[in-house]
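Q: The chain contents come next:
Number of protein chains: 2
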Amino acid sequence: MTKQNWLDELKWDDQGLIPAIAQDEKNSKVVMFAWMNRESLAMSVDSGRAVYWSRSRAKIWPKGEESGHVQKIKSLRVDCDKDVVLMSIEQIGGIACHTGRESCFYFELTDGTNLADGSDDQKQWQAVEPVIKNPDEIYKK
Amino acid sequence: MTKQNWLDELKWDDQGLIPAIAQDEKNSKVVMFAWMNRESLAMSVDSGRAVYWSRSRAKIWPKGEESGHVQKIKSLRVDCDKDVVLMSIEQIGGIACHTGRESCFYFELTDGTNLADGSDDQKQWQAVEPVIKNPDEIYKK
Chain G
13 MTKQNWLDEL KWDDQGLIPA IAQDEKNSKV VMFAWMNRES LAMSVDSGRA
63 VYWSRSRAKI WPKGEESGHV QKIKSLRVDC DKDVVLMSIE QIGGIACHTG
113 RESCFYFELT DGTNLADGSD DQKQWQAVEP VIKNPDEIYK K
Chain C
13 MTKQNWLDEL KWDDQGLIPA IAQDEKNSKV VMFAWMNRES LAMSVDSGRA
63 VYWSRSRAKI WPKGEESGHV QKIKSLRVDC DKDVVLMSIE QIGGIACHTG
113 RESCFYFELT DGTNLADGSD DQKQWQAVEP VIKNPDEIYK K
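Chains as they are written, first to last, in the numbering used here: chain G, 13 to 153; chain C, 13 to 153.
Only chain G is shown next, with the shape it has when bound in the complex (with noise of 0.2 Å):
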């Protein structure tokens, strides 16, 4: 493995992974949470374009490699620890999360007063953002 200072200043988690938020450089929307390995942030430094590694799917998941909903990076920021990833992004399509939303945080806690008076049974995750785009047509084969 070549010598990257850059990336081997970063805290790396036990299983080889660190944090990374997108976020919308048009309108600052924190459009996607995902995690990265050290080649999939190699791979988004070199390509210009957010590749994240899929836990789920145990593998390097370029984004929107399906969908066509690729997210341009604009400029890249680590926190104080370094140990999170902060992108400004482009994204293309303007639709980051899979159920066709501008973004992935959609669902705001909700109880129809202030959040800090209701009682918990009255709480509820309510989704406040409109799907842009039916899934079936972005990820149709």
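In this list, chains with the same sequence are indistinguishable; a pair is considered to hold if it fits within one copy or across any two.
Listed below are the simulated DSS-like cross-link pairs for lysine-lysine, each with C-alpha atoms no more than 30 Å apart in a straight line: (1) K71 / K86; (2) K41 / K135; (3) K23 / K41; (4) K86 / K135; (5) K84 / K135; (6) K145 / K94; (7) K41 / K145; (8) K94 / K23; (9) K84 / K152; (10) K94 / K152.
It is worth saying that the hints were derived from the structure and are not from the lab.
Since the structure of chain G is already known, use the hints to place chain C on it.
A: Structure of chain C alone, referenced to chain G:
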């Protein structure tokens, strides 16, 4: 433990934790990433202030308990998989990071050229956000 459907619906990892992202409602900056367990998320919602789980200290961590840099929660979301929390917060003191910066995400990958063009030995993490307050002043006893 009382029944709390909204908490039961979340997917906690094998250590009972969930990643939590704090985003400043004022300027949409992602200022912090940390972890929560069930108890700290319940405390966050009850109090309206971010309470994390400190993995290094293995204890409940009410953000700002020493520094005063409390994060007031304005809204709370989870993602499509219900395994990541995103908070829109008001950052008291305008400083989220223990280094005295507005945001923990202050290291930017740079190589003086387009990121995908530079060679690996030119790439480096550069601190691009100013220290607003000396940490010695923030954490003085």
